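Enquirer: In order, the protein sequence lines correspond to chains A and B. Position one of the first sequence corresponds to residue 1 (this note's numbering), numbered consecutively onward. Position one of the second sequence corresponds to residue 1 (this note's numbering), numbered consecutively onward.
Because the hints were derived from the structure by calculation, they are not lab data. Owing to the predicted nature of the structure, the values given are computational and were not obtained by experimental measurement. Certain hints may be false.
A few chain A residues facing chain B, derived, Cβ under 8 angstroms [claimed, not checked]:
(1) G42
(2) L43
(3) Q98
(4) F101
Here's a subset of chain B near chain A, in silico, CB distances under 7 angstroms, partners left out [claimed, not checked]:
(5) R22
(6) K42
(7) V43
(8) S48
(9) E56
(10) F61
(11) F105
(12) Q107
(13) G108
Backbone N, C-alpha and C fix where the C-beta goes; we use that ideal spot for every residue, glycine too.
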Amino acid sequence: SQQGEEDPQALSIQEGENATMNCSYKTSINNLQWYRQNSGRGLVHLILIRSNEREKHSGRLRVTLDTSKKSSSLLITASRAADTASYFCATRQTRGNQFYFGTGTSLTVIP
Amino acid sequence: EPEVTQTPSHQVTQMGQEVILRCVPISNHLYFYWYRQILGQKVEFLVSFYNNEISEKSEIFDDQFSVERPDGSNFTLKIRSTKLEDSAMYFCASETEYSFAKAFFGQGTRLTVV
Numbered sequence: 001s002q003q004g005e006e007d008p009q010a011l012s013i014q015e016g017e018n019a020t021m022n023c024s025y026k027t028s029i030n031n032l033q034w035y036r037q038n039s040g041r042g043l044v045h046l047i048l049i050r051s052n053e054r055e056k057h058s059g060r061l062r063v064t065l066d067t068s069k070k071s072s073s074l075l076i077t078a079s080r081a082a083d084t085a086s087y088f089c090a091t092r093q094t095r096g097n098q099f100y101f102g103t104g105t106s107l108t109v110i111p
Numbered sequence: 001e002p003e004v005t006q007t008p009s010h011q012v013t014q015m016g017q018e019v020i021l022r023c024v025p026i027s028n029h030l031y032f033y034w035y036r037q038i039l040g041q042k043v044e045f046l047v048s049f050y051n052n053e054i055s056e057k058s059e060i061f062d063d064q065f066s067v068e069r070p071d072g073s074n075f076t077l078k079i080r081s082t083k084l085e086d087s088a089m090y091f092c093a094s095e096t097e098y099s100f101a102k103a104f105f106g107q108g109t110r111l112t113v114v
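Please construct the entire structure, taking both the sequences and the accompanying hints into account.
Expert: Structure below.
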């Protein structure tokens, strides 16, 4: 499968703690995007990192990309109860214009 | 921030019936997509659309599915004869250019086939 895999599948932390989610993929990519999905709702774009970038920040989010290991991580600092959601990585391959979603990490932030 | 709008938010249909899911992409976007997510499963690619034609489609997107951009603003997904296994959340997405742009997703249409 060309799709990515996130780990852990589920993560439960206390409010204020940091949450780290990882994504691994299999083929060369143009970019990787992280999305959040609240239960039964739409996909909200969080951050895009290009294949020639190693790290990006957006507010409390920090994304890293290691193309040699074909992996990415999403760090949410100082988590809040409102961060409770599923988080997906989506890779845009170098060929074709679709992107492939990973299996997702379900994050629960306990107030 | 601009939004992709999908209607309806929830559709219930009898097996064998035709359904049309509607999407209004962001106005200056050029690439359009449909994805689906069966409950509890991954988000799966169905089809991409550019310059008024399908540019890529998955194995899921068989002859029962079709897409149209009838009036230059709406982007529709039609399922001709729905099956129980078509029950899923369907997401529309659009972007200005692929490879380097972020894709905006709609809120989804939950399709329930009974």
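Enquirer: Determine for every hint whether it applies to the structure shown.
Expert: Hints, verified against the model:
no.: 1; hint: G42; verdict: holds, 4 angstroms
no.: 2; hint: L43; verdict: holds, 4 angstroms
no.: 3; hint: Q98; verdict: holds, 4 angstroms
no.: 4; hint: F101; verdict: holds, 4 angstroms
no.: 5; hint: R22; verdict: violated, 15 angstroms
no.: 6; hint: K42; verdict: holds, 6 angstroms
no.: 7; hint: V43; verdict: holds, 4 angstroms
no.: 8; hint: S48; verdict: holds, 5 angstroms
no.: 9; hint: E56; verdict: holds, 6 angstroms
no.: 10; hint: F61; verdict: violated, 11 angstroms
no.: 11; hint: F105; verdict: holds, 4 angstroms
no.: 12; hint: Q107; verdict: holds, 4 angstroms
no.: 13; hint: G108; verdict: holds, 5 angstroms
Hints 5 and 10, counting from the list given before, are not met by this structure.
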